[in-house]
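Visitor: Here's the letter readout for the chains.
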Amino acid sequence: MTIRVSALVLALVLMMPAFAAAQDAYPSRPISIVAPFPPGGVADLTARPIAAALEKVLKSPVAVVNKSGAAGAVGMSFVANAKPDGYTLLLSLSSISIIPEADKLFGRKPAYTVDQLVPLALLSADPTILVVRSELPWKTAKEFIEDAKKRPGQISYSSSGIYGTLHMAMELLSHAADIKLRHLPTAGAGPAINAILGGHVDVLASGPAAVIAHIESGKLRPLASWGDKRHPALPDVPTFRELGYPGAEFYIWAGLFAPRGTPAPVVAKLNEALRQAVNAPEFKGPMEKLKTPIAFKQGEEFQKFFDTDARRLAEGVKRVGRIEEKKK
Amino acid sequence: MAETLQNLYLGFSVALAPDILLYAFAGCLIGTLVGVLPGVGPLAGISLLLPATFGLDATRAIVMLAGIYYGAMYGGSTTSILMRIPGEAASVMTCIDGYAMARKGRAGAALAIAAVGSYVAGTVSIVLLMFLAPPLAAFALRFGPPEYLALLLLGLLVLAYMSGGSMVKSLAMAALGLLLGMVGIDQMSGYFRFHYGLVELGDGLGVVPVAVGLFGVAEILTTAGQAKPPEVIRPRLRELLPSRREWRESAAPIGRGTFLGFLIGIIPGSAHIISSFVSYAVERRLSRRPEEFGKGAVAGVAGPESANNSATSGALVPMLALGVPSGPIPAILLAAMMVHGVSPGPLLIRQQPELFWGFIASMYVGNLVLLILNLPLVGLFVNVLRVPYPYLYPAILAFAILGVYAVNSSVIDVWIMLLMGALGYVLRKLDFETAPIVLGVVLAPMIEMSLRQSLALSDGHYGIFLERPIAVTLLAVGLVLVLFNLWSFVRRGLDWRARIALAEKGEQT
Chain A
1 MTIRVSALVL ALVLMMPAFA AAQDAYPSRP ISIVAPFPPG GVADLTARPI AAALEKVLKS
61 PVAVVNKSGA AGAVGMSFVA NAKPDGYTLL LSLSSISIIP EADKLFGRKP AYTVDQLVPL
121 ALLSADPTIL VVRSELPWKT AKEFIEDAKK RPGQISYSSS GIYGTLHMAM ELLSHAADIK
181 LRHLPTAGAG PAINAILGGH VDVLASGPAA VIAHIESGKL RPLASWGDKR HPALPDVPTF
241 RELGYPGAEF YIWAGLFAPR GTPAPVVAKL NEALRQAVNA PEFKGPMEKL KTPIAFKQGE
301 EFQKFFDTDA RRLAEGVKRV GRIEEKKK
Chain B
1001 MAETLQNLYL GFSVALAPDI LLYAFAGCLI GTLVGVLPGV GPLAGISLLL PATFGLDATR
1061 AIVMLAGIYY GAMYGGSTTS ILMRIPGEAA SVMTCIDGYA MARKGRAGAA LAIAAVGSYV
1121 AGTVSIVLLM FLAPPLAAFA LRFGPPEYLA LLLLGLLVLA YMSGGSMVKS LAMAALGLLL
1181 GMVGIDQMSG YFRFHYGLVE LGDGLGVVPV AVGLFGVAEI LTTAGQAKPP EVIRPRLREL
1241 LPSRREWRES AAPIGRGTFL GFLIGIIPGS AHIISSFVSY AVERRLSRRP EEFGKGAVAG
1301 VAGPESANNS ATSGALVPML ALGVPSGPIP AILLAAMMVH GVSPGPLLIR QQPELFWGFI
1361 ASMYVGNLVL LILNLPLVGL FVNVLRVPYP YLYPAILAFA ILGVYAVNSS VIDVWIMLLM
1421 GALGYVLRKL DFETAPIVLG VVLAPMIEMS LRQSLALSDG HYGIFLERPI AVTLLAVGLV
1481 LVLFNLWSFV RRGLDWRARI ALAEKGEQT
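So the protein sequences, as listed, match chains A and B.
Numbering-wise, our numbering puts 130 at position 130 of the first sequence, and it's gapless, one number per residue.
Numbering-wise, our numbering puts 1339 at position 339 of the second sequence, and it's gapless, one number per residue.
Isolated chain A, as found in the complex (with noise of 0.2 Å):
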């Protein structure tokens, strides 16, 4: 009984912002970002001078909330299942589009599907880089292709997990390339790198900030990137659609998003400060130093973006298929 009791006060007391809500002007309390991811991932440190820059220009509190679990399925169900009310947004990952993808494979209920959510804002899109250890001898992206062919399944790289970004990074390279790799998941971006650093695995498809401390140490080498046009980091790395795999593109990107059904008003408010907040020198400044270039897109031109993407990535969940069910 006095559990009941005290439930109930608890509720009232959560719902008196929504009441404030519904008569004061947009922003009126504090929003959240959830970020799917633990703290130090790309998401998090994506969502933090965000967060910062759109309290500044909102002029009220905008606070990051990590949510993680199950490969960020965790974070993203709960946003999308959110009250549409502006108060609650998402700062996802590519992964996103894949989450929905996979529980199809497997013919489970979805957590989220992809139409539960509204893009806002693509933030920062970056390349996936081809790093391989510096003592293999393949010195350019067109060796290491001929060098799979000749040995199918012989070669190995390390990705984030399956079906994550850094595998579909791979998948979308070998389905391009029309190669076979031997593919060892791990448990995350951290663990990846280290299994090809302890010389584990041969390749790996990598976040450019991740590895260039590697690469300027001599310890990786990079092949080529994902990108549309060459990393300003890495000019002398190609892309592999200068090298002729114009499948193969792939990008790491983070973007925000609100739950559908979020009032038109509260959405051109958010995107309105969104577009002063990128400019804003508390996500500039990070954003540099992380050497993460900053890529913003808004309505349209996000949206086309977005779908390219989820295409692109569906079409390679289904490619790589159910693990189990492969045959020798």
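Note that these hints are calculated values from the structure, not bench results.
Heads up, the beta-carbon is just placed ideally off N, CA and C, and yes, glycines get one too.
Among the clues, some could well be false.
Short, incomplete list of chain B residues facing chain A, as computed with Cβ under 8 Å [to be verified]:
| no. | residue |
| --- | --- |
| 1 | S1047 |
| 2 | L1141 |
| 3 | I1185 |
| 4 | M1188 |
| 5 | G1202 |
| 6 | L1322 |
| 7 | V1324 |
| 8 | G1341 |
| 9 | S1343 |
| 10 | A1406 |
| 11 | D1431 |
| 12 | L1451 |
| 13 | D1459 |
| 14 | H1461 |
| 15 | I1470 |
| 16 | T1473 |
Pairwise CB distance ranges, derived in the manner of DEER restraints [stated by the list, open to error]:
| no. | chain 1 | residue 1 | chain 2 | residue 2 | range |
| --- | --- | --- | --- | --- | --- |
| 17 | A | P152 | B | R1350 | 39 to 45 Å |
| 18 | B | L1486 | A | N81 | 28 to 34 Å |
| 19 | B | G1463 | A | P246 | 38 to 44 Å |
| 20 | A | N81 | B | Y1391 | 36 to 42 Å |
| 21 | B | F1194 | A | T308 | 52 to 58 Å |
| 22 | B | Y1391 | A | K109 | 43 to 49 Å |
| 23 | A | A63 | B | A1422 | 31 to 37 Å |
With chain A's structure known, arrange chain B on it following the hints.
Guide: Showing chain B alone in chain A's frame:
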């Protein structure tokens, strides 16, 4: 050598600057608090405070975050000893003998030994870190999936020493733990196991809610179920300090725990939890009175507490020397450096000598700060035991719920903790020990992952375990240990475990 000392001088000139000292102190203080709060471990503490350091410069941020990291390892023992609630996952083993000591009125001694052990381990391991970092880091990276599996199998052998009494019951509990560890997304195929429609179970049952439930909540329920309330222990001041005998008995375990923890700590992964399990087993194996373990053996506190502290420095070896995210906590420290525009990597020592050596020196200072901070706190913390149970236990339960929730803002974790509490209550009534369950939950996902990763690397050939020298060595050690045990079992018929079982039977009748 001379160069290292010169660098260290540079480091101390950075670390002893008043403002850096202040941040180190703040980090240690926050870490201690984070460790004392049940459930909230160093990972959660650093995660929650990472954003607060964005405004600082790189050295200050790293010094403070690292302070939280090893400070939490100090603080973690407090609630384990006083209330049988692991302050963080690596303190699970401390719950057993630490709490037993507290019940015997030796809480102050246990806390003091834990603090001193942590200090010795912390300081010695930084010396090791300083001199051995580059060669050890290269060695640590050679630990791939097959080596990790071999190490984990050795970890499973630890089970034999985790509890007295019935071996069958221990094995049953370990099997239950291994099964519970199977919940979640299969990392190799993406298949979702035993989720019952809850996405939150994707990463499996967390070690923290399981441990806090099985130990803390179960303890509270058991006490509440007793016919008359247990006597409130009133610790006297002169009983706060360890006796001469207790000092003597903890010296060697502290030394062994330090080296063991450091070696296990450098291996990439969440090895620091395993270090405390292994240390407990080693101490029990080497002890002349293994039957005292579980009933308040001081070595059972000294060893694991030193090991988990030393493992924290160990884990920093690959991070500092190679810029490699060797575990969840070093990964966050790396992110903190990157936020400040420092690119961590093999060149860090040369490019940022002030940061690197300042960091090392601040750890010496920080460990001393923690010792000075924690020893007087022993007197304060022990007073918690004076609070009558009707007030103490609801408060602890509230803190446990708060702590477990705070780690991932997940209500599901709170439910897991409460269910595990109920399970732990039933098991204790039936005389099952719950520590092997925690070991199972910790080891199962790691064993599965490393076994299947190894096979992914070898394309399905089991020969991979015999081709790699480190893996072979570890497996051979394991085999020798098993044979050794079998031999003593055959020769003597009754070993200490059976003697305990007999003795317990005698007590009951």
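Visitor: Now tell me, hint by hint, if it's right for this structure.
Guide: So, going through the hints one by one against the coordinates:
Taking 8 Å as the C-beta contact cut-off toward chain A, the hint placing B/S1047 at the interface holds, the least distance being around 4 Å. Interface hint at B/L1141: satisfied, since its Cβ lies 4 Å from the closest Cβ of chain A, which is below the 8 Å cut-off. A distance limit of 8 Å between C-beta atoms decides the matter here; for B/I1185 the minimum to chain A is near 6 Å, and the interface restraint holds. Because the closest C-beta pair between B/M1188 and chain A is about 6 Å apart, less than 8 Å, the hint holds.
The beta carbon of B/G1202 is positioned within 8 Å of a beta carbon in chain A (closest approach about 2 Å), and the interface hint is therefore held. Here the hint on B/L1322 is kept, as its CB sits about 7 Å from the closest CB of chain A, short of 8 Å. Because the closest C-beta pair between B/V1324 and chain A is about 6 Å apart, less than 8 Å, the hint holds. Interface restraint check: B/G1341 against chain A, minimum CB-CB distance 4 Å, threshold 8 Å, status holds.
Satisfaction of the interface hint for B/S1343 is found here, the shortest Cβ-Cβ separation to chain A being roughly 4 Å, below the 8 Å cut-off. A hinted interface residue such as B/A1406 counts as satisfied when its beta carbon comes closer than 8 Å to some beta carbon of chain A; here the least separation is about 11 Å, so the hint is violated. Nearest Cβ of chain A to the Cβ of B/D1431: about 32 Å, over the 8 Å cut. The hint is violated. Taken as an interface hint, B/L1451 does not check out: its beta carbon lies about 13 Å from the nearest beta carbon of chain A, beyond 8 Å.
Taking 8 Å as the C-beta contact cut-off toward chain A, the hint placing B/D1459 at the interface holds, the least distance being around 7 Å. At its closest, the beta carbon of B/H1461 sits 12 Å from a beta carbon of chain A; the interface hint therefore is violated under the 8 Å criterion. With 8 Å as the threshold, the beta carbon of B/I1470 stays out of range of chain A, its nearest partner Cβ sitting at about 11 Å, so the hint is violated. Proximity of B/T1473 to chain A is violated relative to the hint, the smallest CB-CB distance being about 17 Å (cut-off 8 Å).
Restraint check, A/P152 to B/R1350: a C-beta distance of roughly 42 Å satisfies the suggested window 39 to 45 Å. Under the hint 28 to 34 Å, the C-beta atoms of B/L1486 and A/N81, about 56 Å apart, miss the expected range. A hinted range of 38 to 44 Å holds for the C-beta pair B/G1463 and A/P246, which are about 41 Å apart. Distance hint for A/N81 and B/Y1391: a CB-CB separation of about 40 Å, consistent with the stated range 36 to 42 Å.
Distance hint check: the CB atoms of B/F1194 and A/T308 are about 36 Å apart, inconsistent with the given range 52 to 58 Å. Take B/Y1391 and A/K109: their Cβ atoms lie about 46 Å apart, and the range 43 to 49 Å holds. In this structure, A/A63 and B/A1422 meet the distance hint of 31 to 37 Å, their C-beta atoms being roughly 34 Å apart.
Checked against the numbered hints above, the structure violates hints 10, 11, 12, 14, 15, 16, 18 and 21; every other hint is satisfied.
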